[in-house]
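**Student:** Use the sequences and the hints to build the structure in full.
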Amino acid sequence: MNSLRRIFAILQKEIRQLSRDRLTFGMIIGIPMIQIALFGFAINTDVRHLRAAVADESNTELSRTLAADAQATQVIDVIAHVRTATELEALLRDGDIDVGLYIPPDYPRRLQQRDRSAAQLLVDGSDPIILSAARQLATLTQHYDSEPPQSLRAALFDIRNHFNPERRSAVNVVPALMGVILTMTMVLFTAVAIVRERERGNLELLINTPVKTVELMIGKIVPYIFIGLVQVTLIVLLGMLLFRVPIEGTVANVYLGSLALIAANLSLGLLISTLAQSQFQAMQMTFFFFLPSILLSGFMFPFAGMPKAAQYIAEVLPLTHFVRIIRGVMLRGADLVHMVPDLGALFAFTAVTLTLAVLRFHKRLD
Amino acid sequence: MSSGIAIRTHNLTRRFGTLVAVDRVNLTVPRAHIYGFLGPNGSGKSTTIRMLCGLLKPSAGEAEVLGLNIPREAEVLKRKIGYMTQRFSLYEDLSIIENLEFIAEVYSLSRTRRHERIAQQLELFDLKDRIKQRAGTLSGGQKQRLALAAATLHEPELLFLDEPTSAVDPQSRRDFWEFLFQLANHGTTILVSTHYMDEAERCHALAILDRGSMVADGTPKALEANIDAHVIEIERADLHAARQLLLQVPRVLSVTQLGVRLRVLVDHAVDDATGFIKDALRASQPGVDVQLVRASLEDVFVAATQLRNRERAA
Chain A
1 MNSLRRIFAI LQKEIRQLSR DRLTFGMIIG IPMIQIALFG FAINTDVRHL
51 RAAVADESNT ELSRTLAADA QATQVIDVIA HVRTATELEA LLRDGDIDVG
101 LYIPPDYPRR LQQRDRSAAQ LLVDGSDPII LSAARQLATL TQHYDSEPPQ
151 SLRAALFDIR NHFNPERRSA VNVVPALMGV ILTMTMVLFT AVAIVRERER
201 GNLELLINTP VKTVELMIGK IVPYIFIGLV QVTLIVLLGM LLFRVPIEGT
251 VANVYLGSLA LIAANLSLGL LISTLAQSQF QAMQMTFFFF LPSILLSGFM
301 FPFAGMPKAA QYIAEVLPLT HFVRIIRGVM LRGADLVHMV PDLGALFAFT
351 AVTLTLAVLR FHKRLD
Chain B
367 MSSGIAIRTH NLTRRFGTLV AVDRVNLTVP RAHIYGFLGP NGSGKSTTIR
417 MLCGLLKPSA GEAEVLGLNI PREAEVLKRK IGYMTQRFSL YEDLSIIENL
467 EFIAEVYSLS RTRRHERIAQ QLELFDLKDR IKQRAGTLSG GQKQRLALAA
517 ATLHEPELLF LDEPTSAVDP QSRRDFWEFL FQLANHGTTI LVSTHYMDEA
567 ERCHALAILD RGSMVADGTP KALEANIDAH VIEIERADLH AARQLLLQVP
617 RVLSVTQLGV RLRVLVDHAV DDATGFIKDA LRASQPGVDV QLVRASLEDV
667 FVAATQLRNR ERAA
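Residue numbers (our numbering), protein chains in the order written: chain A, 1 to 366; chain B, 367 to 680.
Please note that the accuracy of each hint is not assured.
Below are the PhoX-like pairs computed for lysine-lysine, each with C-alpha atoms no more than 25 Å apart in a straight line [as the list claims (entries may be wrong)]:
id, chain 1, residue 1, chain 2, residue 2
1, A, LYS212, B, LYS494
2, B, LYS446, A, LYS212
3, B, LYS423, B, LYS446
Label-pair distances were calculated between CB atoms; the ranges are [what the hints assert, rightly or not]:
id, chain 1, residue 1, chain 2, residue 2, range
4, B, PHE382, A, GLU248, 55 to 61 Å
5, B, PHE547, A, LEU259, 51 to 57 Å
6, B, ARG445, A, VAL340, 43 to 49 Å
7, A, LEU242, B, PHE382, 54 to 60 Å
8, B, SER620, A, LEU291, 57 to 63 Å
9, B, ARG445, A, LEU23, 33 to 39 Å
Derived from the structure by calculation, the hints contain no laboratory data.
No residue lacks a Cβ here, since even glycine has one placed at the ideal position from N, Cα and C.
**Tutor:** So this is what it looks like as structure tokens:
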């Protein structure tokens, strides 16, 4: 009973202080808004309107349909028609076009032969983004195969793009961005909140009172859980309003998944607060953790494409598991029941860091 | 343990690596006393206080505070003690009333008790006119009164004050000591560390600490009476030259200039201290006036620390 009173006293004090700390308050709202705007509007990995030329040596009904379909994807804009593959290569080499579509004279016959590609895409492989965009092109038009030039391998499979048929990057980015923002703010806020008490000498007073370590930690953490949920709401709403990001799964699952990440990040923040001597150190440690989270979690680069070692590191990071969970819930309509391994990983991370934090946080000064 | 003793330690020691911050300190602090820790910075005052409230674990030795074994029963002790840190450690972004309410909650005072105590403290410490003011905007004296009000809100039996007056003006210091005497009169035991001699003189009893060791303890009167040195004052002399000369003389513990006089501490082993000084100055300054005077607490402090230095050097 007294324990609850003490927790509540700390909680109330924390909220009061927070409401008077305009900078932190601004960060709670400002960081999600700025990040959403940046990643949603400015950074766009959906490449469209690549300059393209077509060399149609077949000149049949079928080949003209293919060229028109390619244009219709909007991935390419056909800016020139040439007669031979050699001319295409020349344009590509000179940088006048990014993609060349070569349709050989025997195109209709080739289409019948399943073991051969019917047409070729010549791609400027010097820019990896263009290369992957061109691959998208090959996958989207489903009724022809393309044969890659020797140096390039175009996709051989017919890929059906589920869950984000229009391939808008905001749809992929916003759910994961939620995790990035929570990782940044939650870890930092808790770490700084406790280190600040130590820096200002408040902790020396508190540890001389009957307040217990666990009570202090709970009282300091709970307000940030709410702040985390406010941020989640803000990001989801902004994502829906600005970018029509869908929530295919249930809203409850979105919040539950987010809570698991919030818990993991808050306990990490606590652990950092027991290690850092100053607010500046706490900030450094947070960023030390934040960078690999952003780079390895699958938020920026595909998880599968990373070397094994990087994947192992990524598996330790809470954000990696959250990115899987939230993309599953928001984009694929998956249920948390099917994401037990990732949820379990988040819980395990929370349990380990929280234990370490409580062990390290002595109620003594030595 | 008799109820008349608030703190008793036996060979209390604390090491930080190779540094011995507190070295075998034996303390006995009676209840309802104001007990002083006098010593320069780094003498182990804060470390001792921190060990006594269970914030630091002793490396060796024992401590019994309010009948509780420390650090084993430190959590029980925390309800019975108040602690005022050297720097202001309440929340600067909370108001006076919010700070006091927070402390009341932390000590789980009942609702009626909380209202009553906060009202009493605001009245006693003259803070009731500004209860909504943020603590960070208070003056040094006001902050200090608030800190004492918070530290004594739950009516602790024992109050630890770690250099409480280092940041306030002389008038606030005097007012502060009035509060301390009121508390002591009501039965609170107070352990206060200081490096001000005038504050030390106000204590019922005190311990002089020097580099981790307790070099003397007792009432201010007893300490002055039992000083291990003769106190000599010299007037009508070329003070600068006399000082330079006396500093070279063995058995002279210290030479300090006080205005137009020199105050000299001479080893207790010297029988005729005035003759000893006159002899030393005869050649250069024959007309000086040399007098044996009563020791002050500062003399006790200097003598105790100087004697120890010599023992170390020897």
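**Student:** Run every hint past the structure and note whether it holds.
**Tutor:** So, going through the hints one by one against the coordinates:
With a C-alpha separation of about 31 Å, the suggested pairing of LYS212/A with LYS494/B is violated against the 25 Å cut-off. Pair hint LYS446/B plus LYS212/A holds up; C-alpha atoms about 15 Å apart against a cutoff of 25 Å. Restraint check for LYS423/B and LYS446/B: the C-alpha separation of about 19 Å stays at or below 25 Å, so the hint holds. About 59 Å separates the C-beta atoms of PHE382/B and GLU248/A, a value consistent with the hinted range of 55 to 61 Å.
In this structure the supplied range 51 to 57 Å holds for PHE547/B paired with LEU259/A, their Cβ-Cβ distance being about 55 Å. Take ARG445/B and VAL340/A: their Cβ atoms lie about 45 Å apart, and the range 43 to 49 Å holds. The hinted window of 54 to 60 Å between LEU242/A and PHE382/B holds, with their beta carbons roughly 57 Å apart. Separation of SER620/B from LEU291/A is about 60 Å and conforms to the stated range, judged on CB atoms against 57 to 63 Å.
About 36 Å separates the C-beta atoms of ARG445/B and LEU23/A, a value consistent with the hinted range of 33 to 39 Å.
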